[in-house]
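As a plain string of letters, each chain reads:
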Amino acid sequence: MSAVTSDRTAAGSSPAATTTASGGTRQFRLPDLGEGLTESEIVSWRVKVGDVVELNQVIGEVETAKAVVELPSPFAGQVTALLAQPGQVVAVGAPIAEFEVATAAPAPSKSAPAPSAPSAPAPASSAKREPNLVGYGAMPEAAGRPVRKARSWATAGLAAPAPAAATSPAPAAATSPAPAAVTSPERPRSTPPVRKLAKDLGVDLAVVHGTGPHGLVTRDDVLATVGTADVGTTDVGTASTGKPEPAEAAPAGPRSENGRETRIPIQGVRKQTAAAMVASAFTAPHASEFLTVDVTPTMELLAKLKASKAFEAVRLTPMTLAAKAVLVALGRHPSLNARWDEKAQEIIQYHYVNLGFAAATPRGLLVPNVKDAQALDLRGLANAIAGLADSAREGRIAPGDLTGGTITITNIGVFGVDAGTPILNPGEAAILAMGQVRRTPWEHGGQVALREVLTLSLSFDHRLVDGEQASRFLADVGAVLADPGMIVTMV
Amino acid sequence: MSTYQMTAGHGGSPIQLLSPDGVRHPHERYDRFLADIDGRVDGVDATALLASVFEDMVVARRIDAEGTALQRQGQLGLWPPFVGQEAAQIGSAHAIGQEDFIFPSYREIGVAYARGAELSDLVRQWRGNAHSGWDPFALNMAPSQVVIGAQTLHAVGYAMGVLFDGAETAVVTYFGDGATSQGDVNESMVFAASFQAPVVFFCQNNQWAISEPVGVQAHVPIAHRAPGFGIPSVRIDGNDVLACLAATREALERARSGNGPSFIEAVTYRMGPHTTADDPTRYRDANELEDWKEKDPIARFDAYLTSIGVLDDGLRARVAEKADSVAAALREATIHMPDPEPDSLFEHVYSGPQPVLDRQREHFERYRAGLETGIGAGSNPSAEGGH
Chain A
1 MSAVTSDRTA AGSSPAATTT ASGGTRQFRL PDLGEGLTES EIVSWRVKVG
51 DVVELNQVIG EVETAKAVVE LPSPFAGQVT ALLAQPGQVV AVGAPIAEFE
101 VATAAPAPSK SAPAPSAPSA PAPASSAKRE PNLVGYGAMP EAAGRPVRKA
151 RSWATAGLAA PAPAAATSPA PAAATSPAPA AVTSPERPRS TPPVRKLAKD
201 LGVDLAVVHG TGPHGLVTRD DVLATVGTAD VGTTDVGTAS TGKPEPAEAA
251 PAGPRSENGR ETRIPIQGVR KQTAAAMVAS AFTAPHASEF LTVDVTPTME
301 LLAKLKASKA FEAVRLTPMT LAAKAVLVAL GRHPSLNARW DEKAQEIIQY
351 HYVNLGFAAA TPRGLLVPNV KDAQALDLRG LANAIAGLAD SAREGRIAPG
401 DLTGGTITIT NIGVFGVDAG TPILNPGEAA ILAMGQVRRT PWEHGGQVAL
451 REVLTLSLSF DHRLVDGEQA SRFLADVGAV LADPGMIVTM V
Chain B
1 MSTYQMTAGH GGSPIQLLSP DGVRHPHERY DRFLADIDGR VDGVDATALL
51 ASVFEDMVVA RRIDAEGTAL QRQGQLGLWP PFVGQEAAQI GSAHAIGQED
101 FIFPSYREIG VAYARGAELS DLVRQWRGNA HSGWDPFALN MAPSQVVIGA
151 QTLHAVGYAM GVLFDGAETA VVTYFGDGAT SQGDVNESMV FAASFQAPVV
201 FFCQNNQWAI SEPVGVQAHV PIAHRAPGFG IPSVRIDGND VLACLAATRE
251 ALERARSGNG PSFIEAVTYR MGPHTTADDP TRYRDANELE DWKEKDPIAR
301 FDAYLTSIGV LDDGLRARVA EKADSVAAAL REATIHMPDP EPDSLFEHVY
351 SGPQPVLDRQ REHFERYRAG LETGIGAGSN PSAEGGH
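Chains A and B supply the protein sequences, listed in that same order.
Take the first sequence: its position 108, counted from the start at 1, is 108 in the working numbering, and no numbers get skipped.
Take the second sequence: its position 387, counted from the start at 1, is 387 in the working numbering, and no numbers get skipped.
Accuracy of the hints is not assured; some may be wrong.
Unchecked claim - Coverage of chain B stretches by chain A, computed from C-beta distances (three or more under 8 Å per stretch; other residues unrestricted):
hint, segment
1, 20-34
2, 164-173
3, 185-199
Claimed, not checked - Over the 10 Å line for every Cβ pair with chain A, so calculated as not near, a few chain B residues:
hint, residue
4, Ala46
5, Ala65
6, Glu66
7, Ala69
8, Val216
9, Gln217
10, Phe229
11, Gly230
12, Gly258
13, Thr275
14, Ala277
15, Leu289
16, Gly309
17, Leu345
18, Val349
19, Glu372
Calculated directly from the structure, the hints in this document are not laboratory data.
Every value quoted in this text rests on a predicted model; they were computed, and no experiment measured them.
For every residue, glycine included, the Cβ atom is placed at its ideal position computed from N, Cα and C.
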């Protein structure tokens with residue numbers, strides 16, 4: 001196989017040539033001569049100070065826990081010191097001898113770089129990596145555990161305390177401590193079960209304020225985050241508008257192995273919706289109430305408005321009027337337009353209404369909201385809702401339109417059903433579901449008549465809304481829909 | 001069942017073509033496998049062949065000595081010396097074709113050298129620099145196997161694959177006398193025989209399984225076991241490089257011609273410790289080593305080559321110089337071997353992307369990013385004392 005003239009090595013180099021590339025004093029530290037030994041005993045020296053030794057010349061004997069072994073000199077040169085006496089037990093890594101190594105002859109320095117040719121490592125890595133002596137175990141200075149960087153997360157958390165939400169007119173979601181966390185490479189301290197919980201709820205631990213020892217993120221912290229609008233990053237809206245979703249990379253799409261079942265990867269809007277619903281359902285204690293109303297007057301008003309010049313080309317629906325009714329009722333019962341801030345142990349009472357409405361889109365459920373809806377007249381409200389609904393269906397809705405909602409309406413009537421128990425959009429205190437407007441035999445003027453009847457379903461967060469406020473609110477909404485003229489009694 | 005009997009070396013004394021005094025004895029069965037090296041093939045330079053075998057043996061021994069010294073100097077974590085086994089390793093290696101595949105144990109450093117391994121690759125694993133030394137597909141030689149005997153299973157599996165492919169490749173697996181007591185080796189022989197796999201079991205019986213002498217685990221010559229599995233075997237003098245070359249060539253021919261596996265017991269001697277962490281003086285008689293030095297494989301071949309005029313002082317000096325230069329290059333490659341990047345831990349685990357591994361890599365990177373200093377970065381230049 002290999003011929004006599006094999007060129008695997010640089011021709012002309014000799015063992016002496018490898019001793020060093022330059023002169024000077026060199027130390028020989030005691031290697032780990034067995035596997036995992038920490039010390040060895042010097043048995044004898046075969047050389048004395050002043051002797052000139054060759055490379056690999058035996059200079060002494062060492063007894064380890066496993067064997068008596070001869071030590072070959074790692075240098076060619078003069079012995080200048082023997083740093084341990086026979087009988088002495090020396091720790092692995094401690095210097096045992098010193099050598100004065102002659103300045104290299106021309107030939108050696110020439111041959112020194114040559115053998116590096118066959119070695120594989122790339123230049124890039126060799127530039128920044130330094131050789132280490134394997135036989136010495138861990139280097140003395142590097143002994144002990146690796147040193148961790150200071151926890152930038154903890155300080156960032158302190159520097160950006162929870163926003164004093166009650167005094168802030170802007171939606172608190174916008175001022176979460178998230179930016180500080182983004183710059184921190186340190187994973188927030190937590191425990192595996194809590195990380196699992198956060199993962200399941202779609203909560204990024206980096207935005208959670210840890211209240212445990214040393215900033216430890218606890219189960220309650222995660223749940224509290226879910227219960228607030230801080231989840232901004234995880235609620236239905238934002239996450240479904242192009243936030244990078246690493247988990248989506250792996251599953252390709254629905255697959256069906258036998259045609260009888262299809263497995264669909266949970267991702268995108270579905271995943272975010274699920275996370276939001278889980279977060280909401282297991283954070284806010286839901287209570288629901290129902291009210292069935294004869295809305296014939298509202299339908300008549302609707303028909304009248306549609307026919308009017310002022311509302312030409314405006315998309316008016318029963319939901320538009322229901323939205324108006326909600327806005328009117330909220331003015332009288334503001335506790336339903338509020339948020340429970342677990343972290344701050346405060347209830348945030350909004351003095352504005354960002355009215356959300358659920359929109360079924362090809363991508364799934366989206367909940368855009370009309371900002372400052374309380375300030376809009378009916379025409380403005382109708383246009384705002386129609387515009388957002390179109391944007392949502394066409395997949396071009398802005399992230400800001402999906403965050404910061406304060407209360408939500410969901411129109412399940414368009415699917416031909418009457419009632420349900422909706423789950424709160426996370427962070428909100430109430431959600432109203434509209435059933436279908438159905439022509440129903442109904443008491444009217446002391447007789448049974450066919451009337452346009454609608455059932456309203458209200459779910460509310462019982463932490464901050466009691467049955468009384470919820471009932472009064474729902475009754476007001478119903479009263480307006482039963483007789484729009486009642487508004488004049490309310491505002 | 002006569003075909004399953006031991007086919008040679010059954011008389012107790014292993015087959016020998018070169019006696020310890022360097023005299024070549026003709027052998028009816030094996031001479032035909034040595035026609036080229038004996039100078040009986042036109043156009044083949046027998047002198048060059050003999051010289052290359054001699055050089056590889058001398059260089060291999062020098063590599064072994066340097067590896068041992070490097071370990072004593074703290075440059076290698078461990079080294080498994082093979083001094084005394086040069087004839088078995090170099091002789092067999094010279095018989096194996098480039099397209100054949102080798103599954104070695106950890107001690108086949110001489111085989112790897114003869115196979116053309118880079119010098120740095122011979123020490124990489126022992127420096128703790130990588131999990132294995134060389135690219136298996138560059139050498140057609142698997143990474144050295146530390147799990148005793150496990151490589152025989154890999155070899156038989158590969159050989160069964162060769163059968164399915166209908167290729168003419170042969171497979172050789174190396175192991176020691178101690179490994180023959182392992183279940184893996186016995187199971188692999190069952191499968192090799194059942195499937196008539198083209199594999200050569202090359203057992204270097206170096207007399208010691210660490211501190212256990214071979215007689216403790218084998219009451220009959222190890223080669224006697226193979227016929228029980230249905231595998232023809234031979235017992236050869238493992239310190240006779242020509243016997244090792246011839247027997248391996250014969251077994252490879254059998255494998256390539258569809259006649260199934262073979263078993264070779266090369267009787268040799270581990271003149272050094274089991275590894276550098278071992279002290280053989282604690283368990284074996286010093287006289288035994290002296291006896292085996294009389295049968296030294298290199299001295300024997302040296303005597304033979306000298307007697308036929310191939311080896312003179314000029315060639316001897318050139319070979320010695322070559323050995324020294326290889327040793328120097330090995331030392332340089334060892335001392336200046338850069339530490340691997342921590343991330344390289346994740347390479348070559350799976351053939352393609354693997355989500356669990358990707359996640360581990362990601363966690364590891366995050367862990368590293370959280371440290372003040374890198375892992376394994378040579379932050380202590382004064383420890384670099386081994387020049």
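Outcome of the hint check:
1. For the segment 20-34 of chain B, the assignment as covered by chain A is violated, since 0 residues bring a beta-carbon within under 8 Å of that chain's beta-carbons and 3 are needed.
2. Judged by the Cβ-Cβ criterion of 8 Å, the segment 164-173 of chain B is not covered by chain A as claimed, because only 0 of its residues qualify and three are needed.
3. Residues of the segment 185-199 of chain B with a Cβ under 8 Å from some Cβ of chain A number 0, which does not satisfy the need for three, so the listed coverage is violated.
4. The beta carbon of B/Ala46 is kept farther than 10 Å from every beta carbon of chain A, the shortest such distance being approximately 14 Å.
5. Listed as outside the interface, B/Ala65 is inconsistent with that label: its C-beta sits roughly 8 Å from the nearest C-beta of chain A, within the 10 Å cut-off.
6. Its closest Cβ contact with chain A, about 8 Å, brings B/Glu66 to no more than 10 Å, contrary to its assignment away from the interface.
7. Distance check for B/Ala69 against chain A: the nearest CB is about 4 Å away, which does not clear 10 Å, and the non-interface claim fails.
8. B/Val216, annotated as away from the interface, keeps every beta carbon of chain A farther than 10 Å; the closest lies near 21 Å.
9. For B/Gln217, the requirement that its beta carbon stay farther than 10 Å from each beta carbon of chain A is met, with the minimum near 23 Å.
10. B/Phe229, annotated as away from the interface, keeps every beta carbon of chain A farther than 10 Å; the closest lies near 31 Å.
11. No Cβ of chain A comes within 10 Å of the Cβ of B/Gly230; the nearest lies about 32 Å off, and the non-interface call holds.
12. The beta carbon of B/Gly258 is kept farther than 10 Å from every beta carbon of chain A, the shortest such distance being approximately 26 Å.
13. A beta-carbon of chain A comes within 10 Å of the beta-carbon of B/Thr275; the shortest separation is about 8 Å.
14. Distance check for B/Ala277 against chain A: the nearest CB is about 4 Å away, which does not clear 10 Å, and the non-interface claim fails.
15. At roughly 15 Å, the least C-beta separation between B/Leu289 and chain A is larger than 10 Å, which holds for a residue marked as non-interface.
16. Residue placement check: B/Gly309 keeps its beta carbon more than 10 Å from all beta carbons of chain A (closest about 16 Å).
17. Every C-beta of chain A lies more than 10 Å from that of B/Leu345, the closest at about 14 Å, which supports listing it as non-interface.
18. The non-interface label for B/Val349 is consistent with chain A: the shortest C-beta to C-beta separation is roughly 18 Å, beyond 10 Å.
19. Non-interface call for B/Glu372 relative to chain A: violated, since the shortest CB-CB distance, roughly 4 Å, does not exceed 10 Å.
Taken one by one, the earlier hints fail for this structure at numbers 1, 2, 3, 5, 6, 7, 13, 14 and 19, listed in ascending order.
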